Each structure stands twice: as C-alpha cells, then as structure tokens.
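Engineer: Residues per chain are reported as follows:
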Amino acid sequence: MTAHTADGFLSLENLTVEYPLQSGRKVHAVTDFTARVRRGETLGLVGESGCGKSSAARAVMQLPRPTGGKVTLDGQDLTGLRGKALQQARRRFQMIFQDPIASLNPRMTIRDIVAAPLEIAGIGTKADRHVRVAEMLEMVGINADQAMERRPHEFSGGQCQRISIARALILQPDLLVCDEAVSALDVSVQAQVLNLLERLKTELGLTMLFISHDLAVVKHVSDRVAVMYLGRLCEVADAETIYRNPVHPYTRTLLSAVPEPDPDAPPRQVAVIPGELPSPVNPPSGCPFRTRCPRASEICAQQMPDLAPIAPGQMVACHHPHIDTP
Amino acid sequence: MGDIILDVRNQKTAFVTARGMAQAVDGVSFTLERGRTLGVVGESGSGKSVLSRSIMRLLPSNALVPADSRVILNGRDLTRMTETELRRLRGPEVAIIFQDPMTSLNPVLTIGRQITEVLTFHMGLKRRAARDRAIELLRAVGLPQPDVRVDQYPHQLSGGMRQRVAIAIAIACEPDLLIADEPTTALDVTVQAEILDLLQRMVRDRNMAMILITHDMGVVAGRCDDVAVMYAGRIVEKAPVRDLFHHTRMPYTAALLASIPKITDPPHRKLDAIEGRPPDIINPPPGCPFAPRCLRADAGCDAEKPVLAGTSRHQWACLNPLGEEAPA
Ligand SMILES: Nc1ncnc2c1ncn2[C@@H]1O[C@H](COP(=O)(O)OP(=O)(O)OP(=O)(O)O)[C@@H](O)[C@H]1O
Ligand SMILES: Nc1ncnc2c1ncn2[C@@H]1O[C@H](COP(=O)(O)OP(=O)(O)OP(=O)(O)O)[C@@H](O)[C@H]1O
Ligand code: SF4
Ligand SMILES: [Mg+2]
Ligand SMILES: [Mg+2]
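These protein sequences, in sequence, are chains A and B. Our numbering numbers the first residue of the first sequence as 1 and each following residue consecutively. Our numbering numbers the first residue of the second sequence as 1 and each following residue consecutively.
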C-alpha cells in the first residue's frame, strides 16, 4: 500500500497554521499539510528547527484549532467539534509536549498531574485513580511511592518528561502525538520508553505522530517518515526507504548531518546548509528550499513542486529529485 | 599538565524533602583544563543538572552542601564567595545554558531585552551597542532573521529557536567556563552541527573550557575530549572519549552504550534497555548503586561501595570491572 492510498485513521487535509503578527502580516507556520495515518501506524515527523512541526502537532490536537484544513480521527471531523463534544473526543487523542518541565503545573503534585485527565473525564473513584496513576508511573520507570506527593521542580528533566508521558497515556488514547517526547531521556531510559511505546502499538493498536530531531530514534519507531521544510512537506516515505534512498535534496542533507556514536567515525563533510531558513512570514516563490538547494534551477523559483509519488511508498515534492539508481 | 580552570573537590549536594534527605550529588571530584571539553552523560536523575547548578552556586533553598565541598574556578574558591561576588562572576567567568530553555527565559520580556540586560550589566555596553551586539549573537547561534526575532517574545519562537536564544545569552560575556546542559536536544542535526562547531571554535580560539551534558552519544563521540559517566549522584567512570568507547570498564557504561538506537538498524528492533531502576537516592543501598541491575554483580558489590580508581587517564568505580577477566 502506498502512502497515498493508505486508509486514514488519522487524516490531515490541507492543514494550514498561520500566526498573525502585530504588523498585520502572518507567519505561515504550516501550509497545505496533507497526510494519512493508518490505525496502529507511526508517522515520524522531522525537519529543521522552526519548520512547523510543533505547530502541525498542535493543530492535530486542536490546540488551537488550525487556521485552515481538516483533521479527521476515525471518521470524526475534529475541526468541526466544539465545547463538550470536543472535550469528549479529546480522550482519544493526547499529546506529549516539547518542553517537559514547563508543561507541568509547578503547584500540583505528581499524583494530581497524572490523574488530571481521568478526573476531567470523570473516570473512576479517587482510589481507582490513585491505583491507575501508580501503574502508569511504574510503566514509565518512575517509582510511584517516591514520586506521587512531590512537585515537578523536585524532578530532573528526564523524570518530568516521563511524568508527562504517563499523563498522556493514562486515558489509553488511540492517537498519541509525541513532540520530542524522549529527547530529555538518557539512552537507557529512552530505550525503556521506546520499547513501551512499541508494545502499546502492537498490543493496543496505538497510532502515533512522532516528532524528533534524533533521526535514529525516528527510524526506530516509525513505519513512515515525513520530512518538513518551511511549513511544507517535502518528502514522505516508508521508514526503510527514506533512510536508504532519500530523494529530496533537503532530506539528503539532513541525513548526512547525523552524528555517529563512534569516536573513530571520520569527521564527515557535513553538508551544513548554506544560508538560513527563509522567513515564514515571506516564504520564497516556488519551492521553499530553492534558496539553499544545490540542485535548484529556474523552474524551482517559478513553480511550487507538488508532493507526488516517485516510487512505491515514496512521495517527494521536488523538480529535480535524486533518482540516480545505484 | 595544562592550565586547570576548574577544580571540583568532593561536591555533595542533598535536598531536604518530606521523605528525608535526597543525596543528588554524592562526592564528585574532577578537574578541567583550559581548551578542553568534558562530556557528562548518565542516567536521567543521576545528578548532572544538580552538579552544574552546584558549580554555579545556583541551588534552591532546600539544598544542603557540606562545608568541605569545594569549587575552585580560576584559582578562586566559589564556596567562599558572597552572592554579590558570584553575580559579578556569572556571565564573564562561568555561564550556564539551562536544560529547559522555556523555564530559563522570561516570558514577558523580548529576547532582545534579555540579552541586552546581560550586556549592559557585565560588559557596560550602551543601549544601542548592546542591541547591535545582541543581533550579532543571535546570528552567531544561527537564528534566522535575527533583526526581526530580537523584538519577539519567547512564545513566538519554536523550541529550537528558544534554545538558541539561551545559548546566545550564555556566550554573550564570553565566559572562561561554559556549562551546557543539553544545549542542542531541541535542535535538528544540521543546526546542532553549526552550534557545536561554534562552541568548539570558542573553546579552541579563546582557550576556554566547556562541560557538555548530553544524552547524545554521537555528540559525545564527535565533540568531547573526555567523558564522565554519572550514576546515582557519582562519577562512575571517566576517561578520554576513545578509551571510554573502546575500553569500557564500568558495566553501567557498557549497558548505556548498548542501548543506543543505531541508524543502521531496521525499524522496530527491540532496544537493549537496562532492566530495573536506579536506586532511591533517599535510601541508597550500602554497596555499589548499580549492583541491583548489574550482570557482573556478586555479593561483594552489595556490601561495599566501590570508589573511583584506576589511572590518572582512565578511572572507574567498580569491583568487577570489564576487561580484567582472569586468563583461562
Ligand atoms: N505563537 C506564535 N506566534 C508567532 N509565531 C509563532 C508562534 N508559534 C510559533 N511561531 C513561529 O512558527 C514557526 C514554526 O514554529 P514551530 O514551533 O511549529 O516549529 P518546530 O518545527 O516545532 O521547531 P522546533 O524543532 O525548533 O521545535 C516558527 O517560525 C515560529 O517562530
Ligand atoms: N529541588 C529538588 N528537591 C528535591 N529533589 C531534587 C530537586 N532537584 C533535583 N532533585 C533530585 O535530584 C536528582 C538529580 O537530578 P538532576 O536534575 O541533577 O538529574 P539529571 O542527571 O540532570 O537528569 P536528566 O538527565 O533527566 O536531566 C533527581 O533524583 C531529582 O529528583
Ligand atoms: S524543487 Fe528545485 S529547489 Fe526545490 S528541492 Fe527540488 S531541486 Fe531543489
Ligand atoms: Mg517544536
Ligand atoms: Mg538534567
């Protein structure tokens, strides 16, 4: 099944996120983001800092609602929901936010933080909730007895991150949006948490949108990977394929910059991309990457390349993709 | 021996909590020379951030440090200084990039204000000059459109942009010692490479020193001279980078290295996590803190706490270190 025809448990259609500025102009954080994710599938989302990953993730969560486009989860149009109905639906999709410490209320105890989603949803008695919170904390490798009555500032960055993972999982959501959810964890705790997420995926059919700058981690958990640049998708492909044979010039650069955990690795000619990420207030004409792209030609400035299939399970938005077969 | 800039002696930091004393840093000693970068890795909660705050003397009020813990920077004992003296020294002599950029930036001030404040206080720059310098710094850390971004508030920036602002503030006064606590976790690999290039250049050209706390073993392998591995508040192994990777002695270090996801692996391979959890730092076990999870542990490990031993080049705290198997 190609990415294009995958049935959509989560379906994003022409998602657009804009932030108004005081000057009256707009930040085009996400433009025309279209993707489908099957039930039980993990879509990895990667791209340069500031390219719009968190904005897209928050739009999926309706936090806030996107400026344009549609988000459908299991046939239900989330963008059309209001008030109580949205509150009800929220049980099914949860997010782990990027700033682990800042996203936890400093005045609440860990127990109350993790129990909050249950309480809001009116699930269980106080005693039930206590048991459930303890289970969740243990699952993410936090000693519940030691942690429950303490407050966030008494925990390390990685511990706070695991607390927010426990909070996001406590309602057993169908969809989990992970925004840099494991980046504050050392590799051994990270391995525990990733193994846990993989288990939930196979046992409960958890569907995930997984944002991370760690490309080895993304490869590890993803079935497919989407690469963003300046608010737009530039390549989407099966995880194996995109790492073996990236065809978009930006994807190539990104993969060439991954630091290897080997002190003897030859210092690589890291393709540091010339120039800076263009302003999302005033994006370039045509292909957004063309101001920094080594393959850019005239047509790249004139015409926006469409995201189109190039091989089975691989789509790219580029006028001159790398299709040189080995 | 080179020129020692930082000498930490028997640093212990505990927190008073409702359950008792939490010994977050438990007797850490090391020295750092100018021109070198020390990587610090270790389990989440092992005391890396508390150690950096202890060096900076920026601890919360429930922290306790015994009188014999010493932090000597440029030959001067920070533990003997007043808060006013410390404030003058933080910035130009030692600066820190905190782990969570959102909590270290002031949400109601523009990022420009936050940088210029540092520049006017420590460097005596006038308003106009400080603003120009702030833009220059933002450009140096690779923030796009620095002249526009300078007037924005933290919430208008992406996570990685905020992290770069925090880096710009820390390097604004060109410190002799820079402590960088996970400075590039929110950055994509291309921006990360640029920032680490910049920091490495500063260390080399200005002969400063850097403590780089990171979970990214790729960053450790490529950017550090030496590595200290922490577990339960202690340094359990310390060595030059290549020795640590190739001649690992401490079983925890070995387990840590084994759990790195490899980009060459196929998707969904089960990772080698370390079973179990680190000890409760309020009731630590009497022996080696890693013993309950260690595959090499024997009765001795449960009874005796191993001390850091070895050579001046490579030290480890383990009673049954790797690489010492008796010949068959
Ligand atoms: N509230 C806001 N107001 C104005 N601009 C915003 C706001 N939030 C985000 N932006 C801008 O939108 C763009 C995309 O930001 P976003 O946080 O989605 O990026 P990201 O891909 O998650 O980056 P990172 O990897 O650094 O977290 C950036 O240019 C950012 O400055
Ligand atoms: N203010 C505090 N009060 C009580 N305990 C604290 C406080 N601050 C930190 N701790 C505890 O001290 C220990 C060390 O925390 P620290 O933040 O140094 O860990 P870390 O090694 O930086 O971890 P990470 O990699 O997750 O950032 C943790 O167990 C934490 O819970
Ligand atoms: S469309 Fe042109 S500018 Fe854009 S990535 Fe492809 S070759 Fe480069
Ligand atoms: Mg983000
Ligand atoms: Mg920390």
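Don't read these hints as lab results, they were simulated from the structure. Remember, it's a predicted structure, so these values are computed and weren't measured experimentally. You may find that some hints are simply not true.
[Unchecked claim] With a Cα cut of at most 30 Å, we get these calculated BS3-like pairs of lysine-lysine:
no. : chain 1 : residue 1 : chain 2 : residue 2
1   : A       : Lys-70    : A       : Lys-84
2   : B       : Lys-12    : A       : Lys-201
3   : B       : Lys-12    : B       : Lys-270
4   : A       : Lys-201   : A       : Lys-70
5   : A       : Lys-201   : B       : Lys-305
Engineer: If a hint holds in the structure, say so; if it does not, say that too.
Structural biologist: Here is how each hint holds up against the structure:
1. For the suggested pair A/Lys-70 and A/Lys-84, the alpha carbons sit about 19 Å apart, so the restraint of at most 30 Å is met.
2. Proximity of B/Lys-12 to A/Lys-201 is assessed by CA-CA distance (about 42 Å); at most 30 Å being required, the pair is judged violated.
3. As the CA atoms of B/Lys-12 and B/Lys-270 are separated by approximately 37 Å, the hinted pair breaks the 30 Å bound.
4. Restraint check for A/Lys-201 and A/Lys-70: satisfied, since their Cα atoms lie roughly 25 Å apart, inside the 30 Å limit.
5. With a C-alpha separation of about 41 Å, the suggested pair A/Lys-201 and B/Lys-305 falls outside the 30 Å cut-off, and the hint is violated.
In summary, the numbered hints that this structure violates are 2, 3, 5.
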